[in-house]
Every structure is written in C-alpha cells, then in structure tokens.
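Asker: Sequence:
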Amino acid sequence: MNIHTTLKLFADDSLLYTSVTSSADQQNLQLDLNTLWSWSQTWQMPFNISKCKFLSITRKKSPLRTRYNIHGNQIEQVKCHTYLGVEISQDLRWTEHCNKVKSKAASSLGLLRRNLRPCAINTRALLYKSLVRPKLEYASSIWAPYTAENSHNLETIQRKAARFVTGNYDRYASVTGMMQNLKWDTLQTRRNLSTLTMFYKIHNNILRVPLPACIVPASTRTRSLHNFKYRQVSTKTMVYQNSFYIRSVPLWNLLPVQAVTATSAATFQEHALPVLRSSKY
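Under my numbering, the residue at position 244 of the sequence shown is numbered 505, and the numbers go up by one with no gaps.
Since the hints were made in silico from the structure, they are not lab data.
There may be inaccurate statements among the hints.
[Unchecked claim] Straight-line distance between alpha carbons at most 25 Å, and here's what the computed DMTMM-like set of lysine to aspartate or glutamate pairs gives: (1) Lys-497 x Glu-410; (2) Lys-361 x Glu-348; (3) Lys-497 x Asp-352; (4) Lys-312 x Asp-352; (5) Lys-340 x Asp-274; (6) Lys-361 x Glu-416; (7) Lys-361 x Asp-446; (8) Lys-390 x Asp-352; (9) Lys-444 x Asp-431; (10) Lys-363 x Glu-348; (11) Lys-312 x Asp-293; (12) Lys-396 x Glu-410; (13) Lys-541 x Glu-416; (14) Lys-314 x Glu-337; (15) Lys-421 x Glu-410; (16) Lys-314 x Asp-286; (17) Lys-497 x Asp-431; (18) Lys-497 x Asp-446; (19) Lys-421 x Asp-352; (20) Lys-269 x Glu-348; (21) Lys-396 x Glu-416; (22) Lys-340 x Glu-398; (23) Lys-462 x Asp-431; (24) Lys-363 x Asp-431; (25) Lys-365 x Glu-348; (26) Lys-269 x Asp-286; (27) Lys-365 x Asp-286.
Go ahead and model the full structure; you've got the sequences and the hints to work with.
Answerer: So this is what it looks like as structure tokens:
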C-alpha cells in the first residue's frame, strides 16, 4: 500500500499519523485516508466510520486547521482519545487518563471490599495485586503522572487498599506503616522501576526500539557511578521533560554499575529497586 504517512495496526485498531506543517501535509493525509478506504473496499474490510476520530496534538496558538473525511463522511475531531487503553489528549497531559485509571481502580477495589472482606489477609493482598494494581500501572512507563495531584490521587487508591487488606480502618492508624508491613512500595517507586526496566531493555537491544537522536552517551570524563550514562536533555516544557526518554535518563544515571550491566531484567530490578526507594524522583 503506497501511503505518505505512518500507519500502525494492532488487531482491529488502525492508527494513521504524521507531522502536519503545511497544507501539503494535510492533503497527503487526506489522500492516505482515501487510499485506505479503497483498500478496505477491495478486501471487504470496511472501516467503522462512526468510531473513527481525528486528534490534533499541538501547542501552537494558531495551528493549521482542516477537516478530514472517509468516503465523504467527516471524521469527528476530539480533544482526547483512547488508544490501546491509554487516554491521549491534544496537549499530551495525562490528567484525563489518570482520572480514568483512578475511577476504574476504585471501582474494582470497591467490589473487593463489598464482597471479600471475610477472606484471609494473604488472599485480600493477592486480589488487590491481581485485580486492582494492574489497572493503576498499565502502560505507566509512558503516562507516569508528574503533577503532585495526579500522583496523590493514584496513591490514595493503594492506601485504601492497604486498609482493606489489613482490615485496619482506625483513623489514627498509620497507613504508611501498613504498607511497610505488607512490603508494598509506593506506586511512584514501582512506576520508576517499570520505566527503567523498559529503558534497560531498549539500552540492551532486548526491545527493538531505537533510541531517539537526542539520547546520546555522556562524556566518559564526567563523574559517574558507571560508564553507561546518557547526557541529560534540556527542556522547555513540563510535558517534554516528563516524557519517557527524558524522564528515564536522570534515573538511569543514578543506578549502580551492577544494575546497568545486569544480564537479565530480574537482576536489573534487584539492583535498581534499592536506589529508587531512596531517590527523590
């Protein structure tokens, strides 16, 4: 299929995207939509046009505007849209996604609290880890919250879960103490570990994801815990500063040599976790 833009497929989801800096880019995108429609008709796999959405991601005050259509049917423009379970907004902030994650996790925790309170503490802990925490952490290496409010909202769910698991609802009891007794790390620490594990796999070519051009090795003359540091990238916006690669580099540079030279992801996590527990990030 000859198209000008980038096409990504996952199961029955299709994503078409490109950088639009001129009217020619807009025309190419529309031409590709026409091409995809023709392909779908040839192979009798029509798109559900009512589910097709158009999302423009930009920080410009006066961006190029146009309307796109599929077979004459205008595509609805939205401010945010869910793709593979992650809510992507037009400004690339994650508040909307964090709110949805919190709502889903709170609903699941509420179900456990209503129906499984008589269970043993180990069973309740297992249920939280199996049914609630995955909702708080799915793809979090990408959308990790960087505002105090969003981070606090997610931590609140785990703190409520600690009370549920221990059965201690005393208003004066220390929830932090409960979590320590349960040997639960904060969600922030777990997100950092997930982020660094992903970065470790990319660094070692375990995942075939190329590093962006801005992520380059640091000078070997810099003071370092290891010789595999990357140069930190200067940023002008909070969104960019907290994107995956830019956020990963300072954490990676803090790790001991035993972590960055580990021969497996499990060994890497074993050496990285103590550092992250004491890190300010």
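Asker: All hints, please: hold or fail.
Answerer: Hints versus structure:
1. Lys-497 x Glu-410: Holds. Lys-497 to Glu-410 sits at ~21 Å (cutoff 25 Å).
2. Lys-361 x Glu-348: The given pair, whose Cα atoms are some 8 Å apart, holds under the 25 Å limit.
3. Lys-497 x Asp-352: 15 Å, holds
4. Lys-312 x Asp-352: 22 Å, holds
5. Lys-340 x Asp-274: 19 Å, holds
6. Lys-361 x Glu-416: Given that 25 Å is the threshold and the Cα spacing comes to 14 Å, the pair holds.
7. Lys-361 x Asp-446: 22 Å, holds
8. Lys-390 x Asp-352: Violated: Lys-390 and Asp-352 sit about 32 Å apart, past 25 Å.
9. Lys-444 x Asp-431: 20 Å, holds
10. Lys-363 x Glu-348: Since the Cα atoms of Lys-363 and Glu-348 sit roughly 13 Å apart, the hinted pair holds (cutoff 25 Å).
11. Lys-312 x Asp-293: Roughly 18 Å separates the two Cα atoms, so the pair holds.
12. Lys-396 x Glu-410: 18 Å, holds
13. Lys-541 x Glu-416: 16 Å, holds
14. Lys-314 x Glu-337: 5 Å, holds
15. Lys-421 x Glu-410: 17 Å, holds
16. Lys-314 x Asp-286: Status holds; Cα separation ~18 Å.
17. Lys-497 x Asp-431: Since the Cα atoms of Lys-497 and Asp-431 sit roughly 45 Å apart, the hinted pair is violated (cutoff 25 Å).
18. Lys-497 x Asp-446: 31 Å, violated
19. Lys-421 x Asp-352: 31 Å, violated
20. Lys-269 x Glu-348: 17 Å, holds
21. Lys-396 x Glu-416: The given pair, whose Cα atoms are some 13 Å apart, holds under the 25 Å limit.
22. Lys-340 x Glu-398: Roughly 24 Å between the alpha carbons, so the hint for Lys-340 and Glu-398 holds.
23. Lys-462 x Asp-431: Violated: Lys-462 and Asp-431 sit about 43 Å apart, past 25 Å.
24. Lys-363 x Asp-431: Since the Cα atoms of Lys-363 and Asp-431 sit roughly 23 Å apart, the hinted pair holds (cutoff 25 Å).
25. Lys-365 x Glu-348: 13 Å, holds
26. Lys-269 x Asp-286: 18 Å, holds
27. Lys-365 x Asp-286: 38 Å, violated
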